[in-house]
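Based on these hints, arrange chain B on the given structure of chain E.
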Amino acid sequence: MKIIIILFIALLFSFPVNAAEKFLNIQEVTSDSGLTAWLVEDHSLPIIAIQFSFLDAGAKNDPANKQGRAKLLSNMLDEGAGELDSQAFQKQLNDHSISLSFSNGRDHFNGNLKTLSRHKEKAFNLLRLALNSPRFDAEPLERMKQANISRIKSSLTNPNWIAARLQNDLVFNDHPYALNSGGTISSLTQLSSNDLKEFKDTFLKKDRLAVGITGDITIEEVKVFLDQVFNDLPSDKGSHQTKKSSPTPKLGHYLYEKDIPQTIVDINFPSFSRQDPDFYAALVFNHILGGGGFGSRLMEKAREDEGLTYGIYSSLSFLDEAQGFSISTSTQSDKVERMMQIIESEIALIKQDGVSEKELTDAKSYITGSLPLSLTSTSKIAGILASLQKNDRSIDYLDNYKKNIETVNANDIKRVASRILNEEKMTALFVGPHAPTTNINKLEALPNVE
Amino acid sequence: MAQHQQLHDKMNISLSLKSVAHLVAALFLFFICSMQLAAAKIFDAKSFTLDNGLEVIVVENPRVPVVTHMIWYKVGAADEQAGFSGMAHYLEHLLFKGTEKVVPGDFSKTVKQNGGNDNAFTSQDYTAYFQSIPSDHLEKMMEMETDRMLNAAPPPEHYASEKNVVLEERRQNTENDPRALFNEQMRSVMFPNHPYGTPVIGWMDEIKTYEWNDVKKFYDTWYAPNNAFLVVSGDVTVEEVKELAEKTYGRLSQKELPKRVRPVLPPSIAQTNLTLEHERIHQPAFQRGYLAQSYAQNREDALALDVLQEILSGGATTRFYKSLVVEKKLAISAGFSYSGNSKDYASAWVYGTPAQGVSLDTLKDAIEAELTNVIENGVSEQEVTNAITRIQDSAVFARDSLSGPAMIIGRSLTTGSSLEEIENWPDDIASITAKKVQDVAIKYLDINAPWHRAPVSGYLLPKEKEEATE
Chain E
1 MKIIIILFIA LLFSFPVNAA EKFLNIQEVT SDSGLTAWLV EDHSLPIIAI
51 QFSFLDAGAK NDPANKQGRA KLLSNMLDEG AGELDSQAFQ KQLNDHSISL
101 SFSNGRDHFN GNLKTLSRHK EKAFNLLRLA LNSPRFDAEP LERMKQANIS
151 RIKSSLTNPN WIAARLQNDL VFNDHPYALN SGGTISSLTQ LSSNDLKEFK
201 DTFLKKDRLA VGITGDITIE EVKVFLDQVF NDLPSDKGSH QTKKSSPTPK
251 LGHYLYEKDI PQTIVDINFP SFSRQDPDFY AALVFNHILG GGGFGSRLME
301 KAREDEGLTY GIYSSLSFLD EAQGFSISTS TQSDKVERMM QIIESEIALI
351 KQDGVSEKEL TDAKSYITGS LPLSLTSTSK IAGILASLQK NDRSIDYLDN
401 YKKNIETVNA NDIKRVASRI LNEEKMTALF VGPHAPTTNI NKLEALPNVE
Chain B
1001 MAQHQQLHDK MNISLSLKSV AHLVAALFLF FICSMQLAAA KIFDAKSFTL
1051 DNGLEVIVVE NPRVPVVTHM IWYKVGAADE QAGFSGMAHY LEHLLFKGTE
1101 KVVPGDFSKT VKQNGGNDNA FTSQDYTAYF QSIPSDHLEK MMEMETDRML
1151 NAAPPPEHYA SEKNVVLEER RQNTENDPRA LFNEQMRSVM FPNHPYGTPV
1201 IGWMDEIKTY EWNDVKKFYD TWYAPNNAFL VVSGDVTVEE VKELAEKTYG
1251 RLSQKELPKR VRPVLPPSIA QTNLTLEHER IHQPAFQRGY LAQSYAQNRE
1301 DALALDVLQE ILSGGATTRF YKSLVVEKKL AISAGFSYSG NSKDYASAWV
1351 YGTPAQGVSL DTLKDAIEAE LTNVIENGVS EQEVTNAITR IQDSAVFARD
1401 SLSGPAMIIG RSLTTGSSLE EIENWPDDIA SITAKKVQDV AIKYLDINAP
1451 WHRAPVSGYL LPKEKEEATE
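Chains as they are written, first to last, in the numbering used here: chain E, 1 to 450; chain B, 1001 to 1470.
No wet-lab data here; the hints were simulated from the structure. Treat the hints loosely; a few may be bogus.
[To be verified] Dumping the calculated EDC-like pairs for lysine to aspartate or glutamate here, alpha-carbon to alpha-carbon at most 16 Å:
| id | chain 1 | residue 1 | chain 2 | residue 2 |
| --- | --- | --- | --- | --- |
| 1 | E | K153 | B | D1177 |
| 2 | B | K1329 | E | E300 |
| 3 | B | K1322 | E | E139 |
| 4 | B | K1328 | E | E139 |
| 5 | E | K301 | B | E1157 |
| 6 | B | K1109 | E | E139 |
| 7 | E | K258 | B | E1279 |
| 8 | B | K1041 | B | D1428 |
| 9 | B | K1046 | B | E1423 |
| 10 | E | K153 | B | E1277 |
[Claimed, not checked] Rough simulated footprint, nothing fancy, chain E against chain B, three-plus residues with beta-carbon under 8 Å:
| id | segment |
| --- | --- |
| 11 | 1059 to 1069 |
| 12 | 1110 to 1116 |
| 13 | 1319 to 1328 |
| 14 | 1389 to 1396 |
C-beta atoms are modelled at their ideal positions from N, C-alpha and C, and glycine is treated no differently.
Pulled out of the complex, with its shape left as it was, chain E reads as follows (with noise of 0.2 Å):
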């Protein structure tokens, strides 16, 4: 951890306290007119990568009637801008290895830009024509269409793609969040430039930013390009604020017949947000439950002891408007009622006993000692730092992640398990050619893909 020990001694000289917790020395960098970025300064490659949001842009905006254009937007950002075509732009970030791409989640829109340092005045100068004068010329517009309807196509022969437009839809019911963010064969043929424009100036504006820096840069040329590339972006004033609501989910469950060897099962609780006090007591209990992989409960239980899949996964997830819990496999299609006796029992067995001490210690011992893992590549380090802005941490999150995980004891474990396992709030679906159970509602149609 070169770039953090040699950090670490130049903290040493310039705060007289604490520095020697640092996990990762973020630096929060201000620029001339008051936009700010999270820097991770390390020099030991001649490479750049920044990734940023713009917080609240996200695909949660698109009208049923509009799915997909904040997809469609994230495709054209790079397809023209200024004086250069398509081709133009393209050709110039090809030529200088530089990858820039943008992309929508449900909650925020982002972008990604890697280059070599010998070219970043070029790289830099390429986002900012792309934030500032994208082109969406017709040309690209209709070609990043058919690109999209052609995925959806395609996507419709994978049926775990089938069981995630199908859960979203019984989970997200009520909510935005419902609707396809990759956008419907529909409504994609009916996005114009203008859609495009309208969305861009209204949600990508300079004080919803949030921007994760690392690499082959100083803090003064952090400056000099947070105001280059971002200034001359439109501003909220302060007013930035978007209503938020929670979904209320389809419970029960529900099978979409499909003549396939293999059944994907998908179970989903409501969960809680990121700010519960209880959040690093969940992130445990997911570890121990089904999120670890080898070793988990489910997954030594259904494939180490019964060969029943090749592989059982629970996860949380975090959108700003719901959070959830959730437990995926797939299994040889008349072995789905010996599974699910499986998952049911291991949620009836953590609730009423919670987990053992051996348990415990190992969960947390992954869970800390692995987080030097996130931090081996330039992306990847860009990527949390941007994460940490739009996810509300403060800067000193990480440092103080060890210890807010080490306090988690077994009674919280078993408190978590209780307020998420909630078998009246489940909604499982099954995607394949029978149902496990005889109580069971039968989806017909496939939601916001034609």
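Leaving out everything else, chain B in the frame of chain E:
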């Protein structure tokens, strides 16, 4: 980057992982294939050989206090006996089921307790096991991997359940997806009489047949220090690795290894066309595989094919995408891919999805015309220069990773490249001329004069709805 660079399943890399949790590793290998290989002394790897023949390669990278520790065996699915398909991969699974000293599952649990992740993967030519972990636990990893090299002893009650896991893996990744089944058939037609035509995971009905005794013979034959490479990348020095390797792997004895005899691929003169119409296909697609030579077979040709790939398919402004998607509007996506990392033959693929209203035949003709253009008119000096620059830049980006360098080095070594060749790869790429690029196009991609075997073409189509007759 918009949507131009959709990842195409190249079909010539058949990896089969122990778990999808670390699919990242496999994805990285796919990524490497499109991104290309290593770099001019870019890794500055150090190496030494233990007395028992184990070759050790160290990439020192002190940025973060973690290491990736990988052991690569020079044996894979292509070394299985006929009738035992999938055995190398089943063995890889069983090696997580304990030894005389370690109880089933404890290998991975120990890695996790120490803050690490582990997994393994099997390919046609190699089998690799790896852990990424804080560097102070490297010795423990080496100790466990040493034990696993010779002392595997999975308890009998795990034979059948792990076999079921593999069957579920095949159902999940292949049987559940008609495109995967189609790709498998394409390969079996492309490589008749050669094991590359058999999927790494094995045929369903063969996976069910073999027993631990059969697998054990395979393990006892091939798993040995003198049939492996150890690659360590991360915050450790070569001196430290040497000391630890001598203490651990150094205890093992070498084995007498059999020769790896692979059947030949007979020549063919007839082109093969495969068509699948399936009700679960909604997006038609075309793909064609040409037999080519690998780095191990013909390094100079392989280098030129890598440059050709970059010229045809290295981004939105290179030939395939620019001509077929942007200008002619015949395709939604189109590309050319070549992966030269195999011990025996390699293959080059063209592929595309047609634009709305364009037939697969029209798209196929247009793709063919792009290749004919290279065969007849060559490529420009500027295209070659740009391609070489991009490839060399990609080698710099390859260093920005912990496990990436270990993956690249292990994969290249086990498919016949030397460490020197890996380190010099960007320089060697720079020696490729426009003339040489045209030469390899003529040699491998001329449908009228194919190299060794005529190409295999695949047409994937939605099933036409039966007209109601009543």
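Hints, one by one, checked against the model:
1. K153/E - D1177/B: holds, 14 Å
2. K1329/B - E300/E: violated, 51 Å
3. K1322/B - E139/E: holds, 13 Å
4. K1328/B - E139/E: Status holds; Cα separation ~12 Å.
5. K301/E - E1157/B: Holds - the C-alpha atoms of E1157/B and K301/E are around 14 Å apart, at most 16 Å.
6. K1109/B - E139/E: Violated, at roughly 54 Å.
7. K258/E - E1279/B: holds, 11 Å
8. K1041/B - D1428/B: Since the Cα atoms of K1041/B and D1428/B sit roughly 12 Å apart, the hinted pair holds (cutoff 16 Å).
9. K1046/B - E1423/B: holds, 11 Å
10. K153/E - E1277/B: holds, 15 Å
11. 1059 to 1069: holds (count 5)
12. 1110 to 1116: Our answer is that it holds, as 5 residues pass the Cβ test (under 8 Å) against chain E, meeting three.
13. 1319 to 1328: It holds, with 3 qualifying residues against the three required.
14. 1389 to 1396: Coverage by chain E holds for the segment 1389 to 1396 of chain B (5 residues, Cβ < 8 Å).
Taken one by one, the earlier hints fail for this structure at numbers 2, 6, listed in ascending order.
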